[in-house]
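Please take these sequences and the hints and turn them into a complete structure.
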Amino acid sequence: MPSDKGQVVIGVDLDGVCADFYTRMRDIAAEWFEVTPASLAEDVSYGLAEWGIATEEQYQSLHRFAVTQRDLFATMPMIPGARQHLRRLSDEGYRIRIITHRLFIQFFHEAAVSQTVRWLDDQGIPYWDLCFMKDKDQVGADIYIEDNPFNIEQLRRHGHDVICFANSTNRHIEAPRAANWREVAEMIRARAPLPS
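Using numbering that gives the first Met the number 0, the letters of the sequence shown correspond one by one to residues 0 to 195.
Check the hints yourself; a few may be wrong.
Unchecked claim - For each label pair, taking beta carbons as the anchor points, the in silico distance ranges come out as:
no., residue 1, residue 2, range
1, His108, Ala37, 29 to 35 Å
2, Ser195, Asp26, 43 to 49 Å
3, Gln153, His108, 20 to 26 Å
4, Pro192, Arg63, 39 to 45 Å
5, Gly158, Ala48, 28 to 34 Å
6, Ala189, Gln57, 40 to 46 Å
7, Gly139, Arg86, 21 to 27 Å
8, Ser44, Val116, 26 to 32 Å
9, Pro76, Ala53, 23 to 29 Å
10, Met132, Gln59, 15 to 21 Å
Derived from the structure by calculation, the hints contain no laboratory data.
From the three backbone atoms N, C-alpha and C, an ideal C-beta is built for every residue, glycine too.
Laid out in structure tokens, this is it:
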């Protein structure tokens, strides 16, 4: 099963998997709309329609503000367990490959990349490779950890092994699903055991 010089490669998404995108974005959206964070739903669907975002243009405006004015990608809290379990998996010999699609809005790629690297370093997330890709199946990995329902469905359609990191945006996605990083790590070891 190993795909990269004998190593098992774990393709790890960032937003919604390692970084708590929705918690940080909720605070920024509250500021953007001049409301309290408590007035914005915690359980959201992909695209944040629950917060009154009705068009792609509205989402891009909010997202641009979040990244360029509030350092979104550098200031998100870490999802509990991400550092601990990724470090253990890395120490055991799994190759951690971060695969994220953060370059989807033009003209602020430098900010997105530098904030991403700063966040990974500040949080102590171990990784060997950092890929900014929309089509994640173009990046080799033996197992993907992903929360975006579109990406999960696309990866699975192409025959990839994907563990869905569960949140409110992907309740309709079928197993394998993990509710937390402990479950992710257990599933990785069961699905792709390393030679002893």
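Ala53 and Pro76 - C-beta distance against the hinted 23 to 29 Å: 28 Å, holds
Range hint 26 to 32 Å (beta carbons of Ser44 and Val116) holds or violated: 30 Å, holds
Status of the given 15 to 21 Å range, CB of Gln59 versus CB of Met132: Taking Cβ atoms as reference, Met132 and Gln59 lie about 19 Å apart, which means the hint holds.
Assessment of proposed distance window 28 to 34 Å (beta carbons of Gly158, Ala48): 31 Å, holds
Cβ separation of Gln153 and His108, checked against the hinted range 20 to 26 Å: Roughly 23 Å apart at Cβ, these two residues keep to the hinted range, so it holds.
Whether the CB-CB distance between Ser195 and Asp26 falls inside 43 to 49 Å: 45 Å, holds
Status of the given 29 to 35 Å range, CB of Ala37 versus CB of His108: 34 Å Cβ-Cβ, so the 29 to 35 Å window holds.
Ala189 paired with Gln57, Cβ distance criterion 40 to 46 Å: 42 Å, holds
C-beta pair Pro192, Arg63: status relative to the range 39 to 45 Å that was hinted: Since Pro192 and Arg63 have Cβ atoms about 43 Å apart, the given range 39 to 45 Å holds.
Range agreement (Cβ of Arg86 with Cβ of Gly139, hint 21 to 27 Å): 22 Å, holds
Every hint from the earlier list agrees with this structure, and none is contradicted.
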